[in-house]
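Asks: Top line first, the protein sequences correspond to chains B and G. Per the numbering used here, the very first residue in the first sequence carries number 557; after that it's consecutive. Per the numbering used here, the very first residue in the second sequence carries number 129; after that it's consecutive.
Simulated from the structure, these hints should not be mistaken for lab results. All C-beta atoms, glycine included, are put in the ideal place defined by N, C-alpha and C. Hints are supplied without guarantee of correctness; some may be wrong.
[Claimed, not checked] One-sided and incomplete, this derived list gives chain B residues near chain G with beta-carbon spacing under 10 Å:
1. ALA581
2. GLY615
3. HIS617
4. VAL641
5. ASP650
6. TRP654
7. ILE666
[Claimed, not checked] Here are the computed distance ranges between Cβ atoms for each label pair:
8. G/TRP131 <-> B/VAL656: 45 to 51 Å
9. G/ALA603 <-> B/VAL656: 28 to 34 Å
10. G/GLY194 <-> B/ILE668: 29 to 35 Å
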Amino acid sequence: MWGVVHTGFGSWDALAWILFFGIAAFFLLWFRSLGRSDYKKGTDQDEIFWSSNVVPEDGAHISVPADAAYWGFRKGMEPFYKGLVGMHTGLAPDIVGWYVVVVAIMSVLILIV
Amino acid sequence: MNWTDHLPALLLAVPLLGAFVTPLVSLGGKMLRNTLLVVTTFVTLVIAFLLWKDVLVSGTAVYVMGEKVFNLTMPSGMKLPVRIILEADAFSAFMALCGAIASFAGALFSLNYMEGFSGMKRYVSLYCLLTVGMLGMTITGDLFNFFVFIEIASIASFGLIAFWRDKAEAVEASFKYTLVSQVASMVLLLAFGALYGKYNALNIAAIGSLLKFGFMEKIVLVFIVASLACKCGAFPMHMWLPDSYAEAPSGVSCLLVAVSQASLYGLVRVCFSLYGVTMGASFIPWVVILLGLASMFFGVTMAVVQHDIKRLMGYHSVSQVGYMLLGFGVGMLVLSDAKGMADYGFAAIQGGVFHMFNYTMYKALLFLAAGSLYYTTGKRDLNDMGGLARKMPYTTFMFVIAAAAIAGLPPFNGFVSKLLIYESSFAVHPSLAAIALISSVLTLASFVKVFQTAFLGPEQNAFLSVREVPSGMLAGMGVLTVVILAVSLFPSITMSYFVEPASKALVDQAGYIGAIMGGGM
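Please build the complete structure, drawing on both the sequences and the hints.
Replies: Take a look at the structure:
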């Protein structure tokens with residue numbers, strides 16, 4: 557088969573997965589077709605529900621900015637990010653410095669190991 | 129003599145000619161210059177394809193520059209090859225093809241993307257030179273020429289990253305890249321010089337046939353691995369990369385992805401074909417594995433918190449390089465162990481080689497998609513974007529394909545190569561596969577963020593006049609999308625005709641040396 561890859565531990569069949577997605581899509585569309593028949597596109601039914609408040613005209617005011625995404629993750633990992641972001645100074649000598657440090661450590665270790 | 133014998137030389141000659149005739153052709157106007165760029169990169173792609181096909185049928189292609197007989201590597205009386213030799217085995221040809229696809233896609237994209245900017249003759253010249261450097265790195269059989277091609281690629285990159293020289297960030301990014309790239313290149317030159325001093329040869333095959341793993345060779349190996357790992361953006365030497373990729377025009381970022389892969393190609397070529405089993409199974413393989421793990425994890429964790437779309441993708445490049453390093457590192461670990469190689473080592477190398485191709489395709493496409501967003505909105509900050517899927521349906525579709533592929537979602541191509549790497553690294557230690565899986569989940573998370581913030585959400589007033597990008601840009605992205613879909617749908621064909629021959633060529637040190645030295649190791 558053109559879609560099968562044997563990895564040495566098992567196999568991967570791309571076409572079987574595509575068939576699976578096809579079947580899943582069929583059921584999805586079928587379930588969707590069972591929905592309310594009185595729905596009309598472009599009417600009030602399309603309006604966004606925004607906690608009963610007036611929806612701002614500009615979509616920019618109700619968008620979730622990228623900065624807000626995964627806020628909890630970043631908060632939980634704050635000490636980790638403090639160190640990681642801290643090492644990214646953006647200074648050219650630091651960038652070269654990391655390269656020199658890696659070369660130096662590797663050079664010593666390869667002679668010891 | 130058949131004209132196809134000259135394919136290795138033509139692969140470099142065509143883009144080189146393109147680079148040098150650009151100023152002349154540009155006198156004929158914009159249309160002629162654009163045609164030159166597209167024709168040059170397309171012909172280069174055709175040559176790369178023919179070379180790959182030729183290598184697959186006839187075996188390793190060897191081309192001696194300046195020699196009457198194109199494949200006479202050692203004229204009578206010579207014990208070592210002295211001329212400049214191009215050597216394209218299945219791995220080199222595969223990498224050249226991969227780079228040529230990215231170059232063609234980036235060129236198509238640049239036609240509309242760079243419209244309206246001055247200095248385009250310099251852009252086209254440097255673009256063609258960057259293509260020459262990248263392709264030269266993949267097919268040269270000579271260490272010094274590898275250095276020369278790295279320098280050609282580097283100098284062209286410096287100019288292209290700072291192409292928008294009125295932007296201070298672009299000039300700064302180019303300066304940082306120049307500095308770290310030149311330091312790494314000088315160390316690389318020292319390493320090659322040391323090998324030349326001891327073995328009186330610069331040809332990889334010739335040195336490989338003589339190499340003894342002594343004190344000097346150990347230091348040389350460290351210099352080469354560290355320098356090329358730096359040039360392909362491995363952690364913690366990656367810090368130039370997000371700046372450079374973000375500030376370069378998107379067509380250039382697309383090609384820079386292929387250039388970083390040419391550096392990675394150099395790293396694995398030296399480890400497998402120059403040092404081979406003499407390198408041992410402890411230090412360097414584990415260094416490569418650790419660099420890979422650190423790159424994939426720290427790269428993706430930095431990417432998750434970015435809100436500049438191109439910087440985010442730059443950090444993902446660091447992360448993706450980590451997968452390849454992990455795959456190749458696992459392969460190196462069992463290079464002298466036939467059972468380990470058969471059980472999981474070869475699968476790991478296949479995963480690494482396959483991921484190099486996949487990464488080049490989907491990351492190039494992602495940079496082009498980011499460029500499309502910048503072209504239509506004038507913004508790179510995800511906080512300022514939203515609701516663009518309605519306005520740019522084709523770009524959205526292609527972005528989703530590339531994002532799904534990089535996240536390793538089945539049935540896309542990224543999944544297959546990652547699967548090979550997960551399974552083989554699990555055989556070494558489960559924690560290696562666990563870190564790779566966590567990195568993959570974080571990759572998905574950050575691309576969900578990009579998709580949600582840039583493409584989904586309500587329509588924004590600032591983007592009411594936004595329209596889909598011009599056809600040239602869509603064509604550039606389309607080329608890469610078609611390749612990704614084809615590879616995703618028919619992974620076994622890709623494995624059989626592209627990845628497996630390339631992986632076999634990579635581990636066949638005797639074959640690589642024999643093509644130059646006449647089988648005498």
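Asks: All hints are to be evaluated individually against the structure, with a verdict given for each.
Replies: These are the hints, each one checked on the structure:
no. : hint                              : verdict
1   : ALA581                            : violated (13 Å)
2   : GLY615                            : holds (3 Å)
3   : HIS617                            : holds (9 Å)
4   : VAL641                            : holds (8 Å)
5   : ASP650                            : holds (7 Å)
6   : TRP654                            : holds (5 Å)
7   : ILE666                            : holds (5 Å)
8   : G/TRP131 <-> B/VAL656: 45 to 51 Å : holds (48 Å)
9   : G/ALA603 <-> B/VAL656: 28 to 34 Å : violated (44 Å)
10  : G/GLY194 <-> B/ILE668: 29 to 35 Å : violated (45 Å)
Checked against the numbered hints listed earlier, the structure breaks hints 1, 9 and 10; every other hint is satisfied.
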